Every structure is written in structure tokens, then in C-alpha cells.
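Protein chains: 2
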Amino acid sequence: MNINTSEERLKARNIQPTAMRLRVLTYLVESQAAISLSDLEKKFSQADRTTLFRTLKTYLEHGLVHQINDASGTTKYALCAENCTCTYPDDIHLHFYCSSCEQTYCFPHLGIPEFDLPENFKPARGNFVITGQCSSCPA
Amino acid sequence: MNINTSEERLKARNIQPTAMRLRVLTYLVESQAAISLSDLEKKFSQADRTTLFRTLKTYLEHGLVHQINDASGTTKYALCAENCTCTYPDDIHLHFYCSSCEQTYCFPHLGIPEFDLPENFKPARGNFVITGQCSSCPA
DNA sequence: TGATATTTGCACTATTGTTGCATGGATCTG
DNA sequence: CAGATCCATGCAACAATAGTGCAAATATCA
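Residue numbers (our numbering), protein chains in the order written: chain A, 1 to 139; chain X, 1 to 139.
No lab work stands behind these hints: they were computed from the structure.
Quick caveat: nothing in here was measured; it's all calculated off a predicted structure.
Ideal placement from N, C-alpha and C gives every residue a C-beta, glycine not left out.
Treat each hint with caution, since some may be false.
Now the stretches of chain X that chain A is said to cover, found in silico as 3 or more residues with beta-carbon under 8 Å [what the hints assert, rightly or not]:
1) 24–33
2) 108–116
Taking beta-carbon pairs under 10 Å as the criterion, some of the chain A residues facing chain X (in silico) [claimed, not checked]:
3) 72
4) 78
5) 81
6) 132
Generate coordinates for the entire structure from the input sequences, incorporating the hints supplied.
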């Protein structure tokens, strides 16, 4: 199955495709970087903050996006791959946070190795971010 | 050189060892887990929030502690090793955030591999956290 | 169509992170 | 030791982020 439209993409995750949700999803698709709630607020200034907040929460709960906690301190969100379950180690990848332009990139091709955790530590999810300077920012 | 007392530990990082800073450092040494600003507030309720905030900031700037952004969303801090410079990849290690008890553990023995970043992405620091359930929390 | 469930918007509240300024104590210099 | 200077602390704000309760609007279902 190949998901072409945003509407199908939401339905596949059991999320009702409302107008607002479709627009937020389109924005996520278009964005190269992970976005924060305040990014959404700026983009959709006509919409209510709460709606955007809950849209992201819904996406998160249904596994449409994953959450990234970078050095900026504010939570960011990025689209998951089609069949992603956001579980460590298989579905987790590396992120890069540029401290100059404050963009957060997804590197889906850079997976995470399996760490040898101490006994009885049960992993479920992962948050892996390298901070530095991205290729668009001058040294 | 072996740093025995908290006072020597602060001086080695060029931090004036005031009474408050010594007490915060002692608390950090005693804590097994990484702590947040609000943890400090609870522990030192007589002190001003700002002082505690700036104490952590000073520690961070002088490389005495490193910053961890886990899935809790709030920034946490943990003591660095003696000669740590907090730079990726050498001085970065894995952390574990327990979503049940909300404790954040340092695993200094679990280092971070060097990732093959895209061209002109210059790494400086790293934030690596696995979320799950710790050995103290029942399944 | 009417009943029901879900989504959205508004009004708050809480928490975290942060700054400016005044005070007080430590340190330095003559 | 006196005076000047520097730094740490405390107080009072403020800003941004995160989250909740409720009522109105909208969609869905029988």
C-alpha cells in the first residue's frame, strides 16, 4: 500500500482528516526540518494555539509524528516513516540540531545501535540528537 | 591530580566556592540521577529560584555539569567526569529516562559511536537518551 | 432528522526559563 | 585598615511553553 494523499495518510493512522489536520500535515510534509508548536503558531496564526497543540498531541499518540527533544529545550515534532512505530532500536534515527539557525534535521538513514543496557532496564523509545553547525550556516 | 573535596572540584573549574554552590554540588554528587531545576528548588526551598538557576548555569558554562534533554521536556543536569569537555563524540555518553519514576540516569560506560554525518555538518555536542522502564520500577 | 461523538475555540492556570536591579558580602589595593 | 571594586544573592518582574475545563460548532451515525 502506498499512501499518496494526506487524507489517506491520516486515515491509515486512524485520525479523522479535518481541514486543520490536513493543513498541519501538509506543512509537516513540506518542512525539511522538525517543527515546534510555536512554528505551527506562526504558520497558522488564524488558528487557535490549543487546536494546534492538540493536533500535535493526536499525531503523536497515533504514531504519525515522533517527538524530538533537542538542546533548544522546546519539544519538536517530525513525520514518521509510513510503518514506523517509534520504538527503540529499530524505528529510531539520529537527529541534528544546528545551534546557529536552530533547525532540527532528521537523518532517517542513520540508525541507532543497540546499547548494552544494565540488567532490567527496558528500553522503549529513544531520543538521539547531535548538536553543532549545519551545512547552511557559515563557520 | 585527584579532586577530593567539593571545594577543590569547584576551584578546578574556576568557580568560586560559595556556600550555596558547595551545597548544590554536594547534592549533585549524592544524587544518582540527573536533576532538574525544580528538583533543586524542592531540595533547597530556603534558597531563591534564581540563585539555583544561575548556579546550574555557571556549572554548565564551566563544564562541571552536562545538560540532558529527555522526554520529560524539562532540562536536567548531571555531573561531568573530571576532565570532561562535553564534546561529541569523545565525552558524550548514553542516558536513560524512566517514564515511570521520571528519573534520568547517566551511563558513563556506554559511549556514543561516531556517526557518518552529511557533508558540512559539524558536530559539537550530543544528547542521547533512551526512554523506557528502569530496574527499580515494576513492569 | 435527531442523538451522539468529536473537534475546535476561548479563557484560564501552571511551570519553566530568563532578565534587571538593588543589596550585601568577599576580595583587592593602597 | 579604609575605600573601591567585583561578584553572588535575592526580589520582582516578565516571557514562553505546556496544559486543562468548558461551551459552542461541526461531523457522524442510527
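Hint check, residue 132/A versus chain X [nearest Cβ-Cβ separation less than 10 Å]:
Holds, because the Cβ-Cβ distance from residue 132/A to chain X comes to roughly 4 Å (cut-off 10 Å).
Would you say the segment 24–33 of chain X counts as covered by chain A, given the rule of at least 3 residues with C-beta under 8 Å?
violated (count 0)
Would the stated hint for residue 72/A survive a check requiring a Cβ distance to chain X of less than 10 Å?
Status holds, d = 8 Å.
Minimum beta-carbon distance criterion (10 Å), residue 78/A to chain X
violated, 15 Å
Are at least 3 residues of the segment 108–116 of chain X within less than 8 Å of chain A when you compare beta carbons?
Coverage by chain A holds here, the residue count being 4 at a Cβ distance below 8 Å.
Minimum Cβ distance from residue 81/A to chain X below 10 Å?
violated, 18 Å
Figure legend: structure checked against the earlier numbered hints; hints not met, in rising order: 1, 4 and 5.
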